[in-house]
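Visitor: Next come the chains, spelled out residue by residue.
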Amino acid sequence: MTEKRPFDILNGALGGSVLLKLKGGVEVRGTMASYDVHMNIVLENAEQLEDGEVKRKLGTMLVRGDNIVFISPS
Amino acid sequence: MTEKRPFDILNGALGGSVLLKLKGGVEVRGTMASYDVHMNIVLENAEQLEDGEVKRKLGTMLVRGDNIVFISPS
Amino acid sequence: MTEKRPFDILNGALGGSVLLKLKGGVEVRGTMASYDVHMNIVLENAEQLEDGEVKRKLGTMLVRGDNIVFISPS
Amino acid sequence: MTEKRPFDILNGALGGSVLLKLKGGVEVRGTMASYDVHMNIVLENAEQLEDGEVKRKLGTMLVRGDNIVFISPS
Amino acid sequence: MTEKRPFDILNGALGGSVLLKLKGGVEVRGTMASYDVHMNIVLENAEQLEDGEVKRKLGTMLVRGDNIVFISPS
Amino acid sequence: MTEKRPFDILNGALGGSVLLKLKGGVEVRGTMASYDVHMNIVLENAEQLEDGEVKRKLGTMLVRGDNIVFISPS
Amino acid sequence: MTEKRPFDILNGALGGSVLLKLKGGVEVRGTMASYDVHMNIVLENAEQLEDGEVKRKLGTMLVRGDNIVFISPS
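Chains as they are written, first to last, in my numbering: chain A, 89 to 162; chain B, 89 to 162; chain C, 89 to 162; chain D, 89 to 162; chain E, 89 to 162; chain F, 89 to 162; chain G, 89 to 162.
This is chain A alone, in the form it adopts within the complex (with noise of 0.2 Å):
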């Protein structure tokens, strides 16, 4: 177990492959280029995927934190 603040993970992430669940059910997975305090969060190579599937490729994308249930680094 690490003692971290939260957002260290955040910057851990970056460069890295990231997992976003959304408010809605949606979730993207992509490369995270870059996050601001409100958690939002710019994707490289993202995807929308469904049921764990990839839905449809979005490219670079801009995620507005407030929409952001959780982030998972994988």
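Hints listed in this document are in silico derivations from the structure and should not be mistaken for laboratory results. Note that the structure is a prediction, hence the values are computed from the model and not measured. Errors might be hidden in some of the hints.
[As the list claims (entries may be wrong)] Using 30 Å as the maximum straight-line C-alpha spacing, the simulated DSS-like pairs for lysine-lysine come out as follows:
#	chain 1	residue 1	chain 2	residue 2
1	F	Lys-111	F	Lys-145
2	D	Lys-145	C	Lys-143
3	B	Lys-145	C	Lys-111
4	F	Lys-111	D	Lys-143
Given chain A, put chains B, C, D, E, F and G in place with the hints provided.
Guide: Same frame as chain A, but now just chains B, C, D, E, F and G:
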């Protein structure tokens, strides 16, 4: 992977086509004409999409930032 | 493409017809009479739409800005 | 078209009948007795409507502003 | 028609029976014992209603103001 | 009828059993161990209820205040 | 019954297993690694649950505090 901040992607998207996923499932696509710090966005030649197909043409539109789930330049 | 800020579109829409998509799926159309910084909007000769058809005529109405999904001048 | 600010419509509606559409689809109608800057509104002789018909009479009521979708004087 | 401010109605309702419609459709009725500036309200001898019938008796309860749709003294 | 302020009821409920109705319809019951100004509440010996029956035992739990619809000491 | 403040429970839960109920009904369980004042929480060895069964393993995850309904150390 870039290290740009999330809002940089909005600036880079000006004048190009973007896809917006809104709360409640509506999707719109158009040419990004302007934005502000609340992520309010003006699209021109905007179209509302349904299952990826054009449902109706809306011309110029102002989308409230707090309804945006994600923005993807295309 | 213009480089006007999002709220400029509201000013330009004064006196003309606008379509408002509200949270919960309601759509209204009317002549834009005024707005404020919260995006509260007064419409005159307003009509509530359903599937693009006029459902009922509402005359003058004040729409709370935080219920607006998008505004499209027509 | 007037150029009054949105809240002017509330002042002009005092003492007259207004229709309020609330979040969740409820509609109420009554005589507008007072309002404040949060758009909290007191109606007198208020009635809850369903499909345009009176569902029940509620007398005096205070409606929280943040539940209001739109207000239409009639 | 009175010209009292919206919160005046809360003060006048102290000690009397009020009907509260809450977000999500729940309705409760009880004797209004206190309130604060957030519209948090304490009811005594409170009952939860369903289709106008008493569903269960809840005694004393504190209702969070931000869940209130409307308050109607009876 | 008392004239205590709404939060007084929380203080008086410390150490006793309370019923919490949460947004989304979940109900929990337990011994109220602490609260703060955001109405965040710690319950001990907490149980999640369904139709008034115990669905599962949850032991100690922290409930976020902004998810609470009402609190009823029993 | 303790008289600790609500956030004390988070501190006491560090390094142990917690169950998080999120808005929209999702439940996750994992080892609590960190939290902040917004109740943002990092779990390690996290699992998403469905009807109490493990639906999928998610490893490390950051859960936004404003999506949390309740937190229960186990």
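Visitor: Each hint: holds or not?
Guide: Hints, verified against the model:
no.	hint	verdict
1	Lys-111/F x Lys-145/F	holds, 19 Å
2	Lys-145/D x Lys-143/C	holds, 25 Å
3	Lys-145/B x Lys-111/C	holds, 20 Å
4	Lys-111/F x Lys-143/D	holds, 26 Å
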